[in-house]
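Chains as they are written, first to last, in the working numbering: chain A, 4 to 492; chain B, 4 to 492.
Don't read these hints as lab results, they were simulated from the structure. Some hints could be false.
One copy or two, either will do: identical chains are not told apart, so a pair holds if it fits within one copy or between any two.
[As the list claims (entries may be wrong)] DMTMM-like, lysine to aspartate or glutamate: derived pairs with alpha carbons at most 25 angstroms apart:
1. Lys467 x Asp200
2. Lys453 x Glu417
3. Lys453 x Asp256
4. Lys467 x Asp128
5. Lys467 x Asp111
6. Lys453 x Glu164
7. Lys467 x Glu78
8. Lys453 x Glu78
9. Lys453 x Asp200
10. Lys453 x Asp331
What follows is the residue order along each chain.
Number of protein chains: 2
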Amino acid sequence: MSTDAPQPPAGAEPAPPAGAAHPAPLRTALAELTARLPAGTLVTDPDVLAAHRSDRAPFCPSGTPAALVRARSTEQVSLVLGTAHRYRVPVVPQAARTGLAGGANAVDGCILLSVERMDRILEVDTVDQVAVAEAGVVNAVFSRAVAEHGLFYPPDPSSWEMSTLGGNAATNAGGLCCVKYGVTADFVRGLTVVLADGSVLRTGRRTAKGVAGYDLTHLFVGSEGTLGVITEVTLALRPAARAPLTAVAFFPDPAAACAAVADYMADGTRPSLLELMDRPTMDVVSAYRDLGFPPDAGAVLIAQSDRGDQAPGDLRRFAGTASRHGGDAVVAEDPAEAELLLAARRLVAVATERLGAYLADDVCVPRRVLADLVDGVAEIAREHGVRITCVAHAGDGNLHPHVLFDPADPAEAERAHRAFGAVMDLGLALGGTITGEHGVGVLKRDWLGKELGPIGLRVHRDIKHALDPYGILNPGKVLPAAHDAGAVH
Amino acid sequence: MSTDAPQPPAGAEPAPPAGAAHPAPLRTALAELTARLPAGTLVTDPDVLAAHRSDRAPFCPSGTPAALVRARSTEQVSLVLGTAHRYRVPVVPQAARTGLAGGANAVDGCILLSVERMDRILEVDTVDQVAVAEAGVVNAVFSRAVAEHGLFYPPDPSSWEMSTLGGNAATNAGGLCCVKYGVTADFVRGLTVVLADGSVLRTGRRTAKGVAGYDLTHLFVGSEGTLGVITEVTLALRPAARAPLTAVAFFPDPAAACAAVADYMADGTRPSLLELMDRPTMDVVSAYRDLGFPPDAGAVLIAQSDRGDQAPGDLRRFAGTASRHGGDAVVAEDPAEAELLLAARRLVAVATERLGAYLADDVCVPRRVLADLVDGVAEIAREHGVRITCVAHAGDGNLHPHVLFDPADPAEAERAHRAFGAVMDLGLALGGTITGEHGVGVLKRDWLGKELGPIGLRVHRDIKHALDPYGILNPGKVLPAAHDAGAVH
């Protein structure tokens with residue numbers, strides 16, 4: 004989903020000027036903060052606010068912010084939250100705004116609280132293979148910095164060149180490497196979190212193990228800014244990985260490719276990447292650039308192994324598995340050829356974006372039923388008369404169906420939204436989740452109750468209320484409104 | 004710490020008969036439960052209650068329970084908690100009672116709620132490499148069952164032949180394999196948890212990834228029965244590992260051994276086991292059985308690799324690293340010799356137990372300072388005039404100092420308890436945690452505030468109160484009494 008720079012989302016309207024019309028408590032809060040923060044830290048310029056209203060989720064509502072605070076320290080974040088808590092002003096945490104679920108979208112009269120300028124790497128410890136960084140450090144900047152110490156930070160969301168460690172932690176970001184190395188949560192050992200009332204909480208530890216008290220770290224990871232604002236992260240690192248070898252295999256249909264995935268994953272080897280594209284995705288990519296996809300291929304798998312001397316054997320086994328399922332595999336001879344094979348996967352985002360509007364889904368199911376999901380999505384596309392392309396982190400059962408539509412055609416837009424919901428319903432029916440890695444935000448808020456059930460929702464609300472009794476932190480995100488509990492769309 | 008069967012802890016006194024003297028709400032609750040549960044499920048026999056009063060933590064207070072319920076289903080657990088909630092009766096969850104922190108110890112007038120009879124493995128899925136089991140399934144039974152499917156469940160606490168999956172999850176149990184495979188939490192994908200009011204909550208999912216809502220699963224993992232009662236677990240599995248190769252290396256002193264550990268871990272290879280014993284531990288083991296330890300060795304490391312063809316190379320690198328730090332390494336030629344090398348480590352528990360009373364500590368520090376911790380513990384032993392032996396999951400920086408003492412000598416017992424506390428203080432001063440894998444329970448409750456600080460404690464209490472407003476779940480465990488916050492001896 005990443006392009007070179009954040010852009011206003013499709014459908015965003017210019018924000019009206021902020022200021023005069025604010026209620027008195029908000030005006031007082033902004034005046035206090037302006038007086039106490041360094042000059043230029045709190046911004047109310049309407050153009051700046053308009054540019055920060057939304058993340059990269061298309062078709063998600065966003066409100067009109069009252070101010071943007073670009074914090075440079077945990078203390079400044081604490082000041083903002085303490086003040087907002089006192090005056091009951093909503094606060095929306097932000098960093099790079101590369102999220103795909105509207106989790107960083109403004110609500111009316113809120114303070115946008117950005118940690119993007121908290122961008123210092125505080126420590127890289129090569130003995131314990133752990134690092135401490137501020138929340139606004141860009142993933143790629145951090146990954147390159149630790150690589151200079153011979154270390155490896157695996158989490159690699161598509162947005163990694165732009166998105167921040169804090170945002171990655173707040174959304175528990177995934178990526179291509181998860182199939183072998185796990186998600187962001189698996190690398191977070193500790194956090195500094197500013198709570199709704201401005202208190203500064205340190206969670207977790209820097210040691211490899213520890214069971215003193217509740218696992219608050221992972222309660223905040225993935226909570227999308229609704230429980231606290233992450234300002235600092237302590238991250239586990241790994242020794243540098245070897246450069247991967249790459250193979251591709253073309254299959255007559257997605258079912259055959261998915262069967263090969265299940266077989267290959269079960270044999271014991273964890274590939275460092277295992278991606279699937281269906282025929283509609285290949286067509287979208289081919290329309291953008293001809294990569295010579297076989298015209299009769301119904302699906303393609305791309306696999307990598309980064310196990311050094313063992314990688315060639317891993318990929319031979321992959322090719323053998325593919326062949327047993329009717330696939331036709333090629334192992335790249337060198338890094339340049341491997342890069343070419345991966346290029347197709349990398350072009351999906353840009354090739355899809357140029358087609359216009361789409362809704363990006365993100366269901367994750369057990370690998371056993373991934374083929375049923377891909378087939379079911381194709382059926383949903385036919386039923387609803389919309390085009391849906393499927394790309395998957397196949398080794399994890401995490402499918403990204405993109406529902407393409409013409410927003411100028413209200414009937415088609417309506418069908419697209421229905422198809423988008425039908426995909427989530429199918430994912431749940433297959434024992435999966437409505438979101439594998441993008442999060443709930445505003446986009447999937449009304450589906451959350453279907454996945455969690457009424458008791459799950461109640462516990463979520465109880466915890467939210469315990470940590471943020473006035474509901475100032477990212478209101479309207481993740482949790483559906485109370486009267487919607489269980490009754491969604 | 005494990006022996007063949009659970010035994011009453013040192014210092015436990017026989018419980019007085021239960022029944023007549025109970026307050027009215029407790030009597031009513033027990034009468035209702037007796038009427039609604041199958042015959043024999045609720046037991047008030049004083050001998051049975053006495054036998055179930057305590058876990059395996061020595062010198063931890065335990066109260067007098069009013070009843071023991073041996074639940075056979077989530078519904079029965081729900082009935083017990085719903086009733087206890089209505090009548091404000093404390094409930095102490097139990098399973099195998101192999102814990103080492105008093106987390107399963109009775110409080111006066113409580114219902115002991117055992118899930119030990121919920122012992123069915125419900126499903127083993129070889130394609131998705133995931134299993135579902137009831138909380139009372141014994142770890143070793145489960146591990147062997149999945150091994151029959153070619154799968155591997157790594158978490159291996161010393162108690163694995165007795166302890167249960169539910170207890171392992173409730174305490175986030177560690178073990179020898181953590182250095183490579185991680186702790187119990189890393190394998191828990193989802194839970195069925197009965198909440199304080201009897202509501203049944205399902206957390207998490209069976210998919211590899213998922214970010215729908217807060218990570219409640221890991222909030223309950225390691226919460227030691229204070230937030231809910233785990234009745235079912237969904238666990239990730241791995242493909243079967245290869246039989247490990249083993250090496251040992253003797254060093255002149257612990258500092259040299261710890262330096263070798265840091266070096267070996269930093270070079271990129273994760274051993275599947277990396278244990279350290281200091282000289283006092285070798286002496287305790289030697290007194291039990293002569294294993295031919297070199298008389299001048301100050302510490303020994305045992306390392307394993309389970310990477311098949313690569314294991315010999317891994318252990319050659321280990322031997323080389325040991326040698327660079329003044330160590331003298333031997334690689335086992337065959338599994339029988341390997342078993343002999345590991346025997347020393349396995350004998351620590353039984354050899355220590357026969358010496359009489361001891362307090363088992365469990366601090367975990369960054370590997371960088373493990374040598375400082377071992378040296379500091381030796382200094383604490385000298386200062387306090389007690390004998391302390393040190394065995395460590397060295398690759399994780401997790402040290403188990405055993406403070407040996409004569410409980411018949413009150414002055415020595417007092418010094419032992421002071422030394423026990425001094426070890427935790429040292430662990431915290433070195434950037435570590437008071438407990439790497441055993442948990443807080445009653446044993447370390449009064450130290451928790453030192454590690455978490457007042458804001459951390461407050462958030463713990465807020466979450467506890469949100470989930471268990473009447474405080475019926477395992478009262479007095481983990482969290483220090485409110486007036487102790489921050490002020491611990």
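Next item on the list: Classify it for me, Lys467 with Asp128: is the Cα-Cα distance of at most 25 angstroms met within a copy, between copies, both or neither?
Entry: Cα proximity of Lys467 and Asp128: none, with 34 angstroms in one copy and 35 angstroms across.
Next item on the list: Measure nothing new, just compare the shortest in-copy and cross-copy C-alpha distances for Lys467 and Asp200 to 25 angstroms and report within, between, both or neither.
Entry: Result: close both inside a copy and across copies, 13 angstroms intra and 19 angstroms inter.
Next item on the list: With 25 angstroms as the alpha-carbon cut-off, assign the pair Lys453 and Glu417 to within, between, both or neither.
Entry: within (21 angstroms within a copy, 56 angstroms between copies)
Note to self: At most 25 angstroms between CA atoms: does that hold for Lys467 and Glu78 within a copy, between copies, both, or neither?
What the structure shows: Intra 23 angstroms, inter 27 angstroms, cutoff 25 angstroms: intra-copy only.
Next item on the list: Check Lys453 against Asp200 for me: Cα-Cα at most 25 angstroms, and say if that holds within a copy, between copies, both or neither.
Entry: For Lys453 and Asp200, the Cα distance is within 25 angstroms only across copies (22 angstroms; inside one copy 31 angstroms).
Notebook entry, point to check: When no copy is named, should Lys453 and Glu164 be tagged within, between, both, or neither for a Cα gap of at most 25 angstroms?
Noted result: neither (34 angstroms within a copy, 39 angstroms between copies)
Note to self: If the cut is 25 angstroms between Cα atoms, do Lys453 and Glu78 qualify within a copy, between copies, both or neither?
What the structure shows: Between copies, since 23 angstroms is at most 25 angstroms while 39 angstroms is not.
Notebook entry, point to check: Is it within, between, both or neither when you check Lys453 against Asp331 at 25 angstroms Cα-Cα?
Noted result: Neither: 40 angstroms inside a chain and 60 angstroms across chains, both beyond 25 angstroms.
Margin query: Reference check for the pair Lys467 and Asp111, CA-CA at most 25 angstroms: within, between, both, or neither?
Written below: Within one copy, since 20 angstroms is at most 25 angstroms while 33 angstroms is not.
Next item on the list: Check Lys453 against Asp256 for me: Cα-Cα at most 25 angstroms, and say if that holds within a copy, between copies, both or neither.
Entry: Classified as neither: same-chain Cα gap 31 angstroms, cross-chain 59 angstroms, threshold 25 angstroms.
Of the numbered hints given earlier, the model fails hints 3, 4, 6, 10; all others are met.
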